[in-house]
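Student: These protein sequence lines are chains L and G, in that order. Heads up: the first sequence is residues 11 to 285, going by our numbering. Heads up: the second sequence is residues 31 to 334, going by our numbering.
Hints were generated in silico from the structure; no laboratory data involved. Glycine included, each C-beta is placed from N, C-alpha and C at the ideal position. Where hints are given, some of them may not hold.
Beta-carbon label-pair distances, calculated as ranges [as the list claims (entries may be wrong)]: (1) G/Asp98 / L/Leu272: 55 to 61 Å; (2) G/Gly89 / L/Ala210: 34 to 40 Å; (3) G/Asp98 / L/Leu269: 28 to 34 Å.
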Amino acid sequence: MSEAALRKPTGTFLVLVSHTMRLQLKSVVIWGGVLGLYAAAIVASYLSFGDPEQMEQIMSAYPEGMLEAFGITDMSTIEGYLAGQVFNLIPLAIAFFPILVLSSAIAGSEERGTIDILLGNPIPRWQLVVGSFVATAASLLLIVAIMGGLMYGTAILTDIDLDFVASVESVVNLWPISIFFGGLALLCSAIFHRRALAIALPGFVLLAMYLADTLGRVSEDFENYRDFSVFYYYASDGSAITDGIDWAGFFEVSGAALLFALLAIVVFRRRDIYT
Amino acid sequence: MSVAIETEGLTKRYGRKARGIEDVNLVVAPGEVFGFLGPNGAGKTTTIRMLLGFLRPTGGHARVFGLDVRRKSVEIRTRVGNLPGEFALEDRMTGEGLLRFFARLRGVGDLGYAHELAERLGADLRRPMRRLSRGNKQKIGLVQAMFHRPPLLILDEPTGGLDPLVQEEFLDIVEETKAEGRTVFFSSHVLSEVERVCDRVGIIRDGQLMTVEPTHALVDKAFRHVILTFDGPVDREPFEKLRGVENLKVEGPRVSLTLHETPDEMVKLAARHRLVSLEYERPTLEEIFLTYYGKTEVKEENNE
Numbered sequence: 011m012s013e014a015a016l017r018k019p020t021g022t023f024l025v026l027v028s029h030t031m032r033l034q035l036k037s038v039v040i041w042g043g044v045l046g047l048y049a050a051a052i053v054a055s056y057l058s059f060g061d062p063e064q065m066e067q068i069m070s071a072y073p074e075g076m077l078e079a080f081g082i083t084d085m086s087t088i089e090g091y092l093a094g095q096v097f098n099l100i101p102l103a104i105a106f107f108p109i110l111v112l113s114s115a116i117a118g119s120e121e122r123g124t125i126d127i128l129l130g131n132p133i134p135r136w137q138l139v140v141g142s143f144v145a146t147a148a149s150l151l152l153i154v155a156i157m158g159g160l161m162y163g164t165a166i167l168t169d170i171d172l173d174f175v176a177s178v179e180s181v182v183n184l185w186p187i188s189i190f191f192g193g194l195a196l197l198c199s200a201i202f203h204r205r206a207l208a209i210a211l212p213g214f215v216l217l218a219m220y221l222a223d224t225l226g227r228v229s230e231d232f233e234n235y236r237d238f239s240v241f242y243y244y245a246s247d248g249s250a251i252t253d254g255i256d257w258a259g260f261f262e263v264s265g266a267a268l269l270f271a272l273l274a275i276v277v278f279r280r281r282d283i284y285t
Numbered sequence: 031m032s033v034a035i036e037t038e039g040l041t042k043r044y045g046r047k048a049r050g051i052e053d054v055n056l057v058v059a060p061g062e063v064f065g066f067l068g069p070n071g072a073g074k075t076t077t078i079r080m081l082l083g084f085l086r087p088t089g090g091h092a093r094v095f096g097l098d099v100r101r102k103s104v105e106i107r108t109r110v111g112n113l114p115g116e117f118a119l120e121d122r123m124t125g126e127g128l129l130r131f132f133a134r135l136r137g138v139g140d141l142g143y144a145h146e147l148a149e150r151l152g153a154d155l156r157r158p159m160r161r162l163s164r165g166n167k168q169k170i171g172l173v174q175a176m177f178h179r180p181p182l183l184i185l186d187e188p189t190g191g192l193d194p195l196v197q198e199e200f201l202d203i204v205e206e207t208k209a210e211g212r213t214v215f216f217s218s219h220v221l222s223e224v225e226r227v228c229d230r231v232g233i234i235r236d237g238q239l240m241t242v243e244p245t246h247a248l249v250d251k252a253f254r255h256v257i258l259t260f261d262g263p264v265d266r267e268p269f270e271k272l273r274g275v276e277n278l279k280v281e282g283p284r285v286s287l288t289l290h291e292t293p294d295e296m297v298k299l300a301a302r303h304r305l306v307s308l309e310y311e312r313p314t315l316e317e318i319f320l321t322y323y324g325k326t327e328v329k330e331e332n333n334e
């Protein structure tokens, strides 16, 4: 073997990322399609409501606390309607894409027995961690893009006046909160050798944070708990579709996701790999 | 480059109760085919995975081509082709897709040798992995380990699941690899394949390296199971007096024994009678392991 061939190959990171994205492509289409169809259905359902006054009447029939708990503030516009019906709840669903994928990156690969074959190649461990994170983050962007496309496309087809910029901001704002839990799953995947734990822990945190934020909205006694919930930073000043992205929150949550990924590198570098 | 693999006091402990390996000292020269033998759970896979950087040593050192396994694992894997003992391949991928991916990772531009290996081993590169049998996955595992012509092949039980013809082809490839000056380090349970290709063997048991010696010495040292059938009953006493005999059973015309010496004396004794058949069986590796562990199975003699 020539000396040139014995040199550490370059470009393995991009190869790893593109390969991982290729493997995720089918899931991206399915997730984006399903979530997009849900959002499209909600858009289409807006047609069933008559004038805005009718909407206000419907809302007045519900307790204010309950409406606040689910982020339903204004249903008289399509943006307000989508804020309550889609973007308040959809992080609970979309976050499971990166959780499932990134829990599989290390712990899942160990359990399946594929990690030895992969790491038999000259790939530094950190590239496996970061490559999985970057590929999943990119795939997540594709998912929200598909979702946004189906949602906005339905609005056009049904002649509903949905603001384009608001639509873009609403789906883009799903990215940091989702990748936050993905980063946590990646860290758990690096720490534990079991994929089930790497799913269960972030899943639990996801639901606990949602609950903390919801309780904080409805009760002053629990208001301080909202600070510990990433959902607060997701929609601190209202939903992105009605009030725009809170960029401070966007970058804080994204930063936390990156921190999880960095910790995952540190943890995975040191530990044994079991199959 | 003086050595391909070198370990000094290499130790791995899994907590207080579980044993890994203890104080393994091993040297494998470049261009050598080294057989690493041991029963299940002996520590073969632990040793191999430490060489590749998958497990961190608890104590001691290991170097591959002079590179420390802890600090230079990526550089080592550039020079190594690895076939793990237990592995899985991505279900949705084909063998071709996997090889292309690995070729890009390794900077290998031409898959000609990969296709040649696949053809020789009968590996189907076009079907998704989930549709392949264990043997076919093993073939793809071998191809991915060897296609980039690495200076060192580390193969953990490479012939598991392969049919005899493919095993022969694999052994031919190992001999070609050696002829090219490259090194092969592989673990095995099969004495015949070890005998055919290995220059030296190391035997590990209960985490400790029991011995390292040339293959012919191991094979020569190994005992034989012998069954002699005569045309009539024979006297037991002369056979009892033979040197190196254990587990002697004389049942009428049939004599069975384990012989630890050369067969000359036994054959001359047998020649005094009319011999109808002679079976001269080599031991399994498991039996050789038991011998080195010192717990040679002793079949109780029937006092007849």
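Student: Indicate, hint by hint, whether the structure satisfies it.
Tutor: The hints, checked one at a time:
A C-beta distance of roughly 25 Å is found between G/Asp98 and L/Leu272, which places it outside the suggested range of 55 to 61 Å. Range check, G/Gly89 to L/Ala210: about 35 Å between beta-carbon atoms, so the 34 to 40 Å window is met. Against the hinted window of 28 to 34 Å, the Cβ-Cβ separation of G/Asp98 and L/Leu269 comes to about 31 Å, which satisfies the hint.
Hint 1 from the earlier list is the only one contradicted by this structure; the remaining hints agree with it.
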